[in-house]
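J.: These protein sequence lines map, in sequence, to chains A and B.
Here our numbering is used: the first sequence runs in plain steps of one and ends on residue 732.
Here our numbering is used: the second sequence runs in plain steps of one and ends on residue 961.
Where hints are given, some of them may not hold.
For lysine-lysine, the following BS3-like pairs were computed, each having C-alpha atoms within a straight-line distance of at most 25 Å [what the hints assert, rightly or not]:
(1) K928/B with K707/A
(2) K664/A with K913/B
(3) K707/A with K843/B
(4) K817/B with K726/A
Since the hints were derived computationally from the structure, they do not count as laboratory data.
Since the model is a prediction, treat every value here as computed from it, not as a measurement.
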Amino acid sequence: MSNQKKRNFQIEAFKHRVVVDPKYAEKTWSVLEHAIHEIYNHNASGLSFEELYRNAYNMVLHKFGEKLYSGLVTTMTAHLKEISKSIEAAQGGLFLEELNRKWNDHNKALQMIRDILMYMDRTYIPNAHKTPVHELGLNLWRDNVIHSSKIQSRLLSMLLELVHKERTGEVIDRGLMRNIIKMLMDLGSSVYQEDFEKPFLEVSAEFYMGESQKFIECCDCGDYLKKAEIRLNEEIERVTHYLDVKSEVKITNVVEKEMIASHMMRLVHMENSGLVNMLLDDKYEDLGRMYNLFRRVPNGLPTIRDVMTSHLREIGKQLVTDAEKLKDPVEFVQRLLDEKDKYDNIISQAFCNDKTFQNALNSSFEYFINLNNRSPEFISLFVDDKLRKGLKGVSEEEVEIILDKVMMLFRYLQEKDVFEKYYKQHLAKRLLSGKTVSDDAERSLIVKLKTECGYQFTSKLEGMFTDMKTSQDTMQGFYASHLELTDGPTLVVQVLTTGSWPTQPSITCNLPAEMSALCEKFRSYYLGTHTGRRLSWQTNMGTADIKATFGKGQKHELNVSTYQMCVLMLFNNADRLSYKEIEQATGIPASDLKRCLQSMACVKGKNVLRKEPMSKDIGEEDALLVNDKFTSKFYKVKIGTVVAQKETEPEKLETRQRVEEDRKPQIEAAIVRIMKSRRVLDHNNIIAEVTKQLQSRFLANPTEIKKRIESLIERDFLERDNNDRKLYRYLA
Amino acid sequence: MPPRASKRKSAPPNSSSVTSSDGRSVSNKAKTKGMDKIDRLFNTYANSSLGMIDPEGIEALCSDLGVDYTDVRILMLAWKLKAEKQGYFTQDEWQTGLKALGVDSLTKLKKALPELEKEVEEPSNYEDFYIYAFQYCLTEEKQKSVDIESICELLNLVLGVQFRPQVDSLVEYLKVQNDYKVINADQWINFLRFCKEQISFPDLENYDATQAWPLILDNFVEWMREKQS
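Modelling step: build the complete structure from the supplied sequences, incorporating the hints.
T.: Structure follows, in structure tokens:
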């Protein structure tokens, strides 16, 4: 048994048994302290970095880190206090320069000191939770220099003064500013904010409040906005040059608030130069500037939009209710189109095509176009004018553009069914008188209407075109099979399908013998190929070309209406006829006859007849004779055409009545459709659903809907619920 | 004794005819005796050739009851009898009605009238009575509406007591307006609802024209408001 312990072979660290000289720390520290002094006194060149580093290292190693650190603090503090004094002593403008210089010095010193004390920075300091050297240096600077009572306020006021100077047009040393501000930023964002930024913003607010007040008293809106824009750009530029980038949004907010937001209403409503004036004068640049500035402030754009909307509604309302302007429908619609163009341009050029503005424009137009219940009629008349002559010689693209603009107005109409009625009437007249400029243009518009409103809307219109084409074919067939007629008067018949064409009361007059025979031949021809149909002559819609020879042998070809033809042909057998004789012979209704005689006897240049007495109106006792002295520059004289005109009051009432009548079954159909699928529905919902369903044709009146519901209840299609009065029930 | 053969024309079988109960034959007898009295009363007023009470008979009945023949209580009686044709009571209607009232003589009938009034005014019956009043006026076959004149009288009669101010205004309006020459059942029932629904009168503050009231009432309210301003 061995009692010997097994010994592990150990290699022990070499222990340098150093007897710590109590004075060791003192000595080492004073070396370092001396070095710091030298560094601050710009005498660093004579120092040995290696030696100093080693000294610092040793101190820390021998557990004298505490002493080293506190010594550093004390020494640095002392130096900074002196520096502070020298800065305080600087006069006037040199204050900042001195501060800047000393700051640079301090930074250089700090760097060196940190390098020397790096070991402590990395070991003792983290262990002892002390502030690292660099940061310590900054904090000491902050506390002893920047926040020294004599420097703090002076620094701020100097900085603000410089800013103010620059704002008032002086040139300042931007580089210096940048350095000082950077110094503050380096000291920490709270220093920057507390010691500079906050006061800066306050002072700026005051400045701009005063400035804006001054400007607004003496500038007009456009100039003010220019100035505001300049100031805003200045501030942005200032930030890029010598402020913290984070300050940009803060200072711009100040400018926006003081210069724009506070005076927004006053600017917009400024007399003679405000928004409305800019709109009226198409001041795109000013408007664009206002848009860009106002979009920066809360509620800025809505303000512009609201003022624009109410202005637009106002002028729109004036336009549609001004009796003068309403005299000429084509002019009226052209004005509407011009106004729309104007605002489209404003929105695209100045308001960045902002959709909300586009919507405001649309809603305004919709509002005032429907204020005048003749708008549908007038728009149709405008189209009629264009398709009749206005588009003559216009290129295809131009035509499309104009038609698209018309469609735009059409979309604003609430009573689209009224438009349809008038459009049909006007189209009928155009087709029958052969007076349409371009078939393509007509068709193009129909297609657009179909796209907008659906097949139902345009099926009858298309039917009208078909009838015209078919009639052409029929005429060809007629003459082909009646070759013996080629020498006689040429008949052109358009066969119109009732139902597609606007209804007219058909009163046939007595045609001259030559014509009536021909017409009969046609009738039998047609009915021969189309059994089961009925033809009725619409003598109030036809035209005729007749050759006439007058007293002195002057020959003319007269283009007249069928009625006029009947009257004139009578004079082949008589020189003089009384009104009553004419009335009896032709069978033309009195009011039409009077109109037709008037156009032939009382209108200069068209007076192929003479009337006794020579009064303007046709009296029942008047007599008519051929005007042998009739002259005209032209060989072909156009006397009567059935032109689309603005309706007279009674005609207008009649059309409107027919429209109202047409609406009743449509409303009922909608109600039944809805109730059939829903079975039970309350009153308010029915009204809403019906209105929605009929929206594309007209705006349904809730009272009218109610009437239809009651009518349906009476006819046992619907009933009221027994318990809840507000519910309706569908009765299958 | 076997029960006497009844003189009733249509005899719904008595449910008590088979089960035994001592007083049975007596109650049956009492019943048929009662029926007799009712029939005899009927015959007093009936037009023998028609086999039912005609307007003349009703007039006579009224004077015997001491009630004007335009009195609302006669209408109530008609309602109780479920009379189908205005101005006539059939024997069936007479029998069923008087039995329901529990009367078999003139004096009893007269005494029963106030109770009848109360019965009609019960909320569960009132709307029924109100609708009946309208239908009672549809004298022609396929007639669906009643002329304004008659409506006004009917309103007075039926609603006048309970809703005097509303009825007065409504009647005035109906006579003045031109939109409607007749009133249909839907409009009629809504008059009652208008009164019942406590629409504040006469300012009509809480009347909402966007609701499902018939147009005639919307027009009436508008007329009232114009009158007041």
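J.: Does each hint hold? Answer for all of them.
T.: Taking the hints in turn, this is what the structure says about them:
For the hint pairing K928/B with K707/A, the CA-to-CA distance comes to about 23 Å; that is within 25 Å, so the pair holds. Restraint check for K664/A and K913/B: satisfied, since their Cα atoms lie roughly 21 Å apart, inside the 25 Å limit. In summary, the hint linking K707/A to K843/B is not supported, as the alpha carbons are separated by about 47 Å, beyond the 25 Å threshold. Taking the CA atoms of K817/B and K726/A, the gap is near 32 Å; set against the 25 Å cutoff, the hint is violated.
This entry does not satisfy hints 3 and 4, going by the numbered hints stated previously.
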